[in-house]
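Participant: Letter by letter, the chains look like this.
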Amino acid sequence: MKITVKEIEAWLEAFREEITAHKEELSDLDQAIGDGDHGINMARGVKEMHNLLETKSFQVPGEILKAVSMVFIGKIGGAAGPLYGSAFMKMAAEAGTKEALSAEEFLGVLRAGKSAIVQRGKAETGEKTMVDVWLPLLKKFEGKQEIDWDDWENSAEELKNNTKEMHAKKGRAAYLGARSVGHIDPGATSSYYLFKALADTLREGS
Amino acid sequence: MKITVKEIEAWLEAFREEITAHKEELSDLDQAIGDGDHGINMARGVKEMHNLLETKSFQVPGEILKAVSMVFIGKIGGAAGPLYGSAFMKMAAEAGTKEALSAEEFLGVLRAGKSAIVQRGKAETGEKTMVDVWLPLLKKFEGKQEIDWDDWENSAEELKNNTKEMHAKKGRAAYLGARSVGHIDPGATSSYYLFKALADTLREGS
Amino acid sequence: MDKVSLVFVSHSADIVKGIKSLLFEMQPEVNIAVAGGEDDGGIGTNAQAIEEAISSVYSDKGTVVLFDLGSALLNTELAIELGEEGRKIRIADAPILEGGYSAVVEAGFGSDIDKVVEAAEKAREMQKIPQR
Amino acid sequence: MDKVSLVFVSHSADIVKGIKSLLFEMQPEVNIAVAGGEDDGGIGTNAQAIEEAISSVYSDKGTVVLFDLGSALLNTELAIELGEEGRKIRIADAPILEGGYSAVVEAGFGSDIDKVVEAAEKAREMQKIPQR
Ligand SMILES: Nc1ncnc2c1ncn2[C@@H]1O[C@H](COP(=O)(O)OP(=O)(O)O)[C@@H](O)[C@H]1O
Ligand SMILES: Nc1ncnc2c1ncn2[C@@H]1O[C@H](COP(=O)(O)OP(=O)(O)O)[C@@H](O)[C@H]1O
Ligand SMILES: [Mg+2]
Ligand SMILES: [Mg+2]
Ligand SMILES: [Mg+2]
Ligand SMILES: [Mg+2]
Numbered sequence: 001m002k003i004t005v006k007e008i009e010a011w012l013e014a015f016r017e018e019i020t021a022h023k024e025e026l027s028d029l030d031q032a033i034g035d036g037d038h039g040i041n042m043a044r045g046v047k048e049m050h051n052l053l054e055t056k057s058f059q060v061p062g063e064i065l066k067a068v069s070m071v072f073i074g075k076i077g078g079a080a081g082p083l084y085g086s087a088f089m090k091m092a093a094e095a096g097t098k099e100a101l102s103a104e105e106f107l108g109v110l111r112a113g114k115s116a117i118v119q120r121g122k123a124e125t126g127e128k129t130m131v132d133v134w135l136p137l138l139k140k141f142e143g144k145q146e147i148d149w150d151d152w153e154n155s156a157e158e159l160k161n162n163t164k165e166m167h168a169k170k171g172r173a174a175y176l177g178a179r180s181v182g183h184i185d186p187g188a189t190s191s192y193y194l195f196k197a198l199a200d201t202l203r204e205g206s
Numbered sequence: 001m002k003i004t005v006k007e008i009e010a011w012l013e014a015f016r017e018e019i020t021a022h023k024e025e026l027s028d029l030d031q032a033i034g035d036g037d038h039g040i041n042m043a044r045g046v047k048e049m050h051n052l053l054e055t056k057s058f059q060v061p062g063e064i065l066k067a068v069s070m071v072f073i074g075k076i077g078g079a080a081g082p083l084y085g086s087a088f089m090k091m092a093a094e095a096g097t098k099e100a101l102s103a104e105e106f107l108g109v110l111r112a113g114k115s116a117i118v119q120r121g122k123a124e125t126g127e128k129t130m131v132d133v134w135l136p137l138l139k140k141f142e143g144k145q146e147i148d149w150d151d152w153e154n155s156a157e158e159l160k161n162n163t164k165e166m167h168a169k170k171g172r173a174a175y176l177g178a179r180s181v182g183h184i185d186p187g188a189t190s191s192y193y194l195f196k197a198l199a200d201t202l203r204e205g206s
Numbered sequence: 001m002d003k004v005s006l007v008f009v010s011h012s013a014d015i016v017k018g019i020k021s022l023l024f025e026m027q028p029e030v031n032i033a034v035a036g037g038e039d040d041g042g043i044g045t046n047a048q049a050i051e052e053a054i055s056s057v058y059s060d061k062g063t064v065v066l067f068d069l070g071s072a073l074l075n076t077e078l079a080i081e082l083g084e085e086g087r088k089i090r091i092a093d094a095p096i097l098e099g100g101y102s103a104v105v106e107a108g109f110g111s112d113i114d115k116v117v118e119a120a121e122k123a124r125e126m127q128k129i130p131q132r
Numbered sequence: 001m002d003k004v005s006l007v008f009v010s011h012s013a014d015i016v017k018g019i020k021s022l023l024f025e026m027q028p029e030v031n032i033a034v035a036g037g038e039d040d041g042g043i044g045t046n047a048q049a050i051e052e053a054i055s056s057v058y059s060d061k062g063t064v065v066l067f068d069l070g071s072a073l074l075n076t077e078l079a080i081e082l083g084e085e086g087r088k089i090r091i092a093d094a095p096i097l098e099g100g101y102s103a104v105v106e107a108g109f110g111s112d113i114d115k116v117v118e119a120a121e122k123a124r125e126m127q128k129i130p131q132r
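Residue numbers (the UniProt record's numbering), protein chains in the order written: chain G, 1 to 206; chain Y, 1 to 206; chain S, 1 to 132; chain B, 1 to 132.
If you are wondering where the hints come from, they were derived from the structure by calculation, not from laboratory data.
Hints may be right or wrong, so weigh each one.
Cut-off 25 Å, straight-line C-alpha distance, at most; resulting in silico cross-link-like pairs (BS3-like, lysine-lysine) [stated by the list, open to error]:
#1 LYS169/G <-> LYS122/S
#2 LYS122/G <-> LYS122/S
#3 LYS170/G <-> LYS122/B
#4 LYS122/Y <-> LYS164/Y
#5 LYS170/G <-> LYS88/S
#6 LYS122/S <-> LYS170/Y
Starting from the given sequences, assemble the full structure and let the hints guide the process.
Facilitator: Rendered as C-alpha cells:
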C-alpha cells in the first residue's frame with residue numbers, strides 16, 4: 001500500500017462527507033456537554049477544505065496536509081480548530097516532501113498529528129477528549145506493516161464510545177464535572193469519523 | 001444658628017461653585033492615582049443638582065437632601081456617585097421632616113452621611129479616601145453647640161492634605177500600592193470643598 | 001423560573017454584552033441581565049440600571065450578581081438597597097467572566113443560589129493554563 | 001516603547017473592545033491590542049487574528065497575553081508558534097478582566113515582563129468584596 005496525494009485527497013473528501021452527514025450529531029453531542037457548535041465548526045472547516053482541494057493541485061501528501069492545516073486553523077474555530085490544525089501541521093512536517101508513504105510511514109505521520117494534539121491541548125487519555133481516540137488507536141497499530149481496516153474502524157468506534165463513561169477534565173465539558181459522564185465526547189466523535197474515512201478510503205483502495 | 005431649606009440650598013450652590021471652579025484640579029488628582037474622571041464626575045453631578053434646585057422648591061432640608069441624593073446616585077458615576085449618593089440619602093433620613101435644624105442636629109445629619117459612606121465603601125481612616133476627611137472632621141466637632149467655621153474649614157483642608165502621605169487601600173488608587181503615596185486623594189478633596197462650602201455659607205449667615 | 005438568574009455589572013456596556021452572548025451559547029436556559037456603562041454610555045456603572053437589570057430577571061430561586069471593579073460593587077449594593085426589600089440576591093466575589101462562566105453552568109443544573117455563588121467563587125482558583 | 005504591551009484574547013469581540021476602553025481610561029500609555037471572536041464575528045477565537053494583535057503591539061520589552069477560556073489559550077499558543085520565533089511573549093494564568101486591570105497598572109510603571117505577569121496572576125487572590 002502506497003499513500004500518495006490521490007489517497008490523501010480521497011481520505012479528506014470522505015472525511016468531509018462523514019462530517020457533513022453527521023453535522024447534527026456532532027453538535028448535539030456538544031450541546032450536551034459543551035456549547036453545541038462542534039458540528040458547525042467541523043462542517044465549516046471541511047467545506048473550506050473542499051474548496052481548497054477543488055481549486056489547488058498538490059504534488060506531495062505533505063503539501064496537502066500543510067494547506068489543510070491552515071484551513072483548519074483559520075476556519076474550524078473553537079478548541080477543535082487549533083487542535084486539528086496543529087495535528088495536520090505536524091503531520092505535514094512529518095510527511096515532508098515524500099511523494100508516497102508506506103503504511104508504516106503513514107502511521108508515523110498520524111502519530112506526529114497525535115503528538116501535536118497532546119502538546120497543544122495537554123490532555124491525557126481518560127480526560128474525555130479526542131485524545132482518547134487518537135492515542136490508543138495509534139498505539140494499537142504502531143509498528144504494523146499491514147493494517148486490518150475493519151479492525152481499525154471498529155477500534156476507533158469503540159474508543160470514541162468509551163469516552164461516554166469518562167469524567168471530562170479538559171475543554172468546556174470539564175466545567176460539568178461529574179455531570180459530563182454519560183455523554184460521548186464530540187471531538188472524539190469527529191476524530192472517529194476522520195479515522196473511519198481513512199479506513200473506507202484505504203480499504204477500497206487496497 | 002438654624003439650618004433651614006435656605007441654608008441648605010445656599011450650601012449646595014456654594015458646593016457647586018467650588019466643584020466647577022476646581023473641576024480640573026479634581027481630575028488631575030484622579031489622573032495621578034486613578035482614572036482621571038473625578039472632576040468630570042462631580043461637575044456632572046452638581047450641574048444636575050443645580051437644575052434640580054432651580055426647578056423645584058422644597059419645604060424641609062430632608063426633602064432637598066433626598067432629591068439631591070437621587071441626582072448624585074444617577075449622575076456622578078464612578079465610586080463617588082454611590083458614596084455621595086448614599087451619604088445624602090442617609091442625611092435626608094436623619095433630617096427627617098424637621099423644618100429647621102440646630103447646629104448640633106445638623107452635625108448629627110452630617111454624621112449620618114459619614115456612616116453611610118463608611119458602610120457603603122467599607123474604608124477605614126488612613127486608607128486614602130474621602131473617609132479621611134469626613135470621619136475625623138465630624139469626630140472633632142461632635143457635641144459642639146457652636147462651630148468655629150474657620151477652624152472647621154482649616155481642619156477639613158488639613159485632613160485632605162494628610163491623605164497625601166497615605167498608601168491607598170481602597171478604590172482604584174489601591175492598585176497603585178505604595179506608588180499612591182505622594183498624591184492627595186481626589187475624593188478627599190471634593191469632600192473638603194463640600195465642607196468648605198458649608199463653612200463659607202454658615203460663616204456668612206451667622 | 002426554576003433556575004437561579006445572573007446579573008453582570010461592568011463599567012463597560014460592551015463587556016457585559018459580550019459576556020452575555022458567550023454564556024448564552026453555553027447555557028441558554030439561564031436568565032441573564034446586564035448593566036454596563038454610565039447612562040451617557042461612558043465608562044462607569046449606574047445604580048438605577050443595575051436595579052432594573054436585577055428586577056428584570058429576579059426569580060424566587062434568587063439572583064447572583066457578578067461585577068468587574070470596586071465602584072461597580074458600591075453601585076450594586078446601593079441598587080439592591082434601592083430595590084424591593086427581602087429579595088434573595090447575592091454578590092459573588094469572583095472574576096466576572098470566569099466566575100460567570102462557572103456560575104452559568106451551575107445555575108443551568110438547577111442548583112440553589114449558594115451553589116451558584118460557590119461555583120463562581122471557585123473560579124478564582126481554577127488553573128487556566130494546564131501544567132504538564 | 002519602554003513599556004510591556006498587552007494583548008487580550010476573548011471569544012467575543014465585544015468583551016475585548018470593552019476591556020480595552022476600560023483599561024485605556026486607567027492607563028493610556030500602555031499599548032493594548034485585542035483579538036476577539038471568529039473571523040465571521042461569531043463566538044470563538046482565531047489564531048491568525050491573535051498573531052496579528054500580538055505583532056501590532058510587540059516591543060522588545062515583551063508582550064503579555066490574557067485570554068478568557070481554554071480554547072482561546074490553544075489558539076494563543078498556536079498564534080505564538082505561527083509568529084516570529086524568539087519573541088518575549090508570556091501568557092498570564094489570570095482572570096482576563098481583573099488580571100488585565102492589574103497588568104495595565106503594573107505595565108504603566110514601566111515594570112519588566114515578569115512583574116507584569118506576576119501582577120496579573122496575583123489578581124486571582126485579590127478580594128473583590130472587602131470584608132468588614
Ligand atoms: N485540551 C484539549 N485537548 C484535547 N482535546 C480537546 C481539548 N479541549 C477540547 N478538546 C476537544 O474539542 C472538542 C470540542 O470542540 P469544539 O466544540 O469545536 O470547541 P469549543 O469547545 O471551543 O466550542 C471536545 O469535544 C474535545 O474532544
Ligand atoms: N471604598 C471607598 N470608600 C470610600 N471612598 C472611596 C472608596 N472608593 C473610592 N473612594 C473615593 O472615591 C474617589 C474616586 O472617585 P471617582 O474618581 O469619581 O470614581 P472612580 O474611581 O470609580 O473613577 C477616591 O478618590 C476616593 O476618595
Ligand atoms: Mg463546542
Ligand atoms: Mg465553541
Ligand atoms: Mg475616577
Ligand atoms: Mg471612573
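Participant: None of the hints should be skipped; say for each whether it holds.
Facilitator: Hint-by-hint comparison with the structure:
1. LYS169/G <-> LYS122/S: Holds, at roughly 16 Å.
2. LYS122/G <-> LYS122/S: 22 Å, holds
3. LYS170/G <-> LYS122/B: 24 Å, holds
4. LYS122/Y <-> LYS164/Y: 20 Å, holds
5. LYS170/G <-> LYS88/S: Between LYS170/G and LYS88/S the Cα gap is close to 34 Å, so the pair fails against 25 Å, i.e. violated.
6. LYS122/S <-> LYS170/Y: 24 Å, holds
Checked against the numbered hints above, the structure violates only hint 5.
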